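Trainee: Fit chain B to the supplied structure of chain A, relying on the hints for placement.
Protein chains: 2
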Amino acid sequence: MHQTRERERMEVKARAPGKIILAGEHAVVHRSTAVAASIGLYTYVSLHFPTDSDNDDTLKLQLKDVALEFSWPVGRIKEALPELGSCLASSPTSCSPETIKSIAALVEEQNIPEAKIGLAAGVSTFLWLYTSIQGYKPAMVVVTSELPLGSGLGSSAAFCVSLSAALLALSDSVNLDYSHQGWLTFEESELELVNKWAFEGEKIIHGKPSGIDNTVSTYGDMIKFRSGNLTLIKSNMTLKMLITNTKVGRNTKALVASVSERTVRHPNTMAAVFSAVDSISKELATIIQSPGYNDLAITEKEERLEELMEMNQGLLQCMGVSHASIETVLRTTLKYKLASKLTGAGGGGCVLTLLPTLLSGTIVDKVIADLESCGFQCLIAGIGGKGLEICFGGSS
Amino acid sequence: MHQTRERERMEVKARAPGKIILAGEHAVVHRSTAVAASIGLYTYVSLHFPTDSDNDDTLKLQLKDVALEFSWPVGRIKEALPELGSCLASSPTSCSPETIKSIAALVEEQNIPEAKIGLAAGVSTFLWLYTSIQGYKPAMVVVTSELPLGSGLGSSAAFCVSLSAALLALSDSVNLDYSHQGWLTFEESELELVNKWAFEGEKIIHGKPSGIDNTVSTYGDMIKFRSGNLTLIKSNMTLKMLITNTKVGRNTKALVASVSERTVRHPNTMAAVFSAVDSISKELATIIQSPGYNDLAITEKEERLEELMEMNQGLLQCMGVSHASIETVLRTTLKYKLASKLTGAGGGGCVLTLLPTLLSGTIVDKVIADLESCGFQCLIAGIGGKGLEICFGGSS
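Protein chains in written order, with the UniProt record's numbering: chain A, 1 to 396; chain B, 1 to 396.
Okay, chain A solo, but in the shape it has when bound (with noise of 0.2 Å):
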């Protein structure tokens, strides 16, 4: 077992991207197809086992952006979790609701604070794949992301992605060249097992996730989706995107239940809302996918997606999802001509703004000062980039 040995001995950073639903949510739920894509912003996990000379028998976790450090004696996590010592890391499972629960006892111990509270789950996830792909192992895993948290860009599926990433590329379940500098893609086979873990991660955050997050941070570019299909479309364009994040904090669950209301009080209307919305993200797929020719090529396609853009934002306001944030936004972003529809649940969330090739730095710059006056919060990302990578460092 040279290569496990080695292995032990390396750190390991895995980076997995934020993604954003470019058309199509919402309608979604009502049978329409939706686009989303990976935007040029990471969560990092890295990711290393301490020396038998450091005589250290914890497993610790950083998450650097909040500011909050945990630590479990691996004998206290083998002695409240026995049940996961007979996983698979070549197999993913669910977590049982019994093992919730003795996960969450553990995450209490740590005494979180109530501001940060929110975070718990996410705990409860790092304990759960720790656990089930590497066992009872001290460890130091630190995370850091560039991606706001809970603002719908996907932060816990990147989370989870990243993670199971990091766990198996140290795990016997992959088989990687250890070699390798810099980042490194893993093959077909293996995001898909990281895909299937990261999937199971989001169920413990989220209940009923969708997939659709940590399979677009696994493969990066852009998937098409309807009634629960999933297709990788390959994007034949760099498209980049201003992300507003209002701050304005929503209520997923209530604003698709309010859609749905909205259908059943007006079923004809908003069937033919949803049929609009359904041409839209294949519009858009198709243009996405189709072959770029020179600049004025690229100009007239920019075009065509910001017109989908405000038509999908005026569906959507239509569905009653819009806010008066995201509304602000759109103003303001208009007053520069340019195209911004809200994205995911809306109610507030994040809104994004197509940025044309051709447009100047100093109107981003404009634009962007303009929205952050407002307390908004700017971000610039390359869309439908690449997925999951990894890195191995020295040993440590």
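Please keep in mind that the hints were generated in silico from the structure rather than gathered at the bench.
One should not assume that every hint holds.
No copy is singled out in the list; a pair is fine if it fits within one copy or between any two copies.
Claimed, not checked - Capping the alpha-carbon separation at 27 Å, the derived lysine-lysine pairs in DSS-like fashion look like this: (1) LYS116 / LYS208; (2) LYS253 / LYS335; (3) LYS253 / LYS337; (4) LYS247 / LYS335; (5) LYS253 / LYS101; (6) LYS78 / LYS101; (7) LYS337 / LYS247; (8) LYS253 / LYS60; (9) LYS137 / LYS64; (10) LYS208 / LYS335; (11) LYS386 / LYS234; (12) LYS337 / LYS64; (13) LYS137 / LYS196; (14) LYS208 / LYS137; (15) LYS208 / LYS253; (16) LYS78 / LYS64; (17) LYS240 / LYS335; (18) LYS253 / LYS366.
Since the structure is predicted, the reported quantities are computational estimates derived from the model, not experimental observations.
Mentor: Then chain B, alone, in the frame of chain A:
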């Protein structure tokens, strides 16, 4: 001809209401249903003939709101428009292109100030309707209006309807109770005659009017229309709207064309959008026609109408006909939880805000103050009230 003599000594005043589109603008061009309603804001036309002792041989027109006065010697009119001598008040005809030219020359002689040149077509319509119905007869016609001009509230139709009605009321073609005190309604067949003349007048102003504005102004209440078919509908509820005039001028033809172009680019999406609007118009008509029982039922109906207005507005945004000024009105009224939608062509123009029955006057005052502080003009009007009415004054 005792009756004729009596009429000639009378003063008649006619009033005709403006209109709003409650649902379906733009989509109606693409075969969707739309609903229009009369509003309790009127254009008034008063007419009287000078007595023989006045020794006045001129036709005078006073447009009070714009402080303009015109006068033509009747001999000059007869000389310029000899072909109108054979017109019958009972048989509306279209104004020929040649006659329009001769009339334009008569209007030009009046030297309308450059800033008010937009009123020239209305003055042409006046000369044509007057001469066609009353011939070459001296008279004094005074026009006042509660409707802002050119803002999509049907001011030109209200002018044509009230003018045609006043002219017909003092002609042999209608049979009225001249001794009636107060406002009087025309008989069905007389309304039809007024409506036809008004439509011919509208053609001079608008080229190819839909006939909706003059029909609503003539008959009052509400009409449902689709593919050129108009159906009068009987409203069963009292509706009050705040009408906000953004004062942003728009180019209706260009807006209609832009929706058509978008329809060519995205046929499937737009077909679904128009179908959604069609459902909204039909549902709105059904609610308005359904019997209301008590305050609770009225509140429920109002909430349903508000939701339909919000949905229609989203679909109009999807068509791309909203405007920053419209969005400002929407935002402002939303602060007070009031639902709004643009009415008419969009791109500026007027915005409707439903004022629920149980809404306090204090809130209404606050909303209006907010909107006026943005430079908008606010009008409050009952919806679906009476159409054309006339009133006889004493002999002058």
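Trainee: Enumerate the violated hints, using their earlier numbering and listing them in ascending order.
Mentor: Violated: hints 8, 10, 12, 14 and 18.
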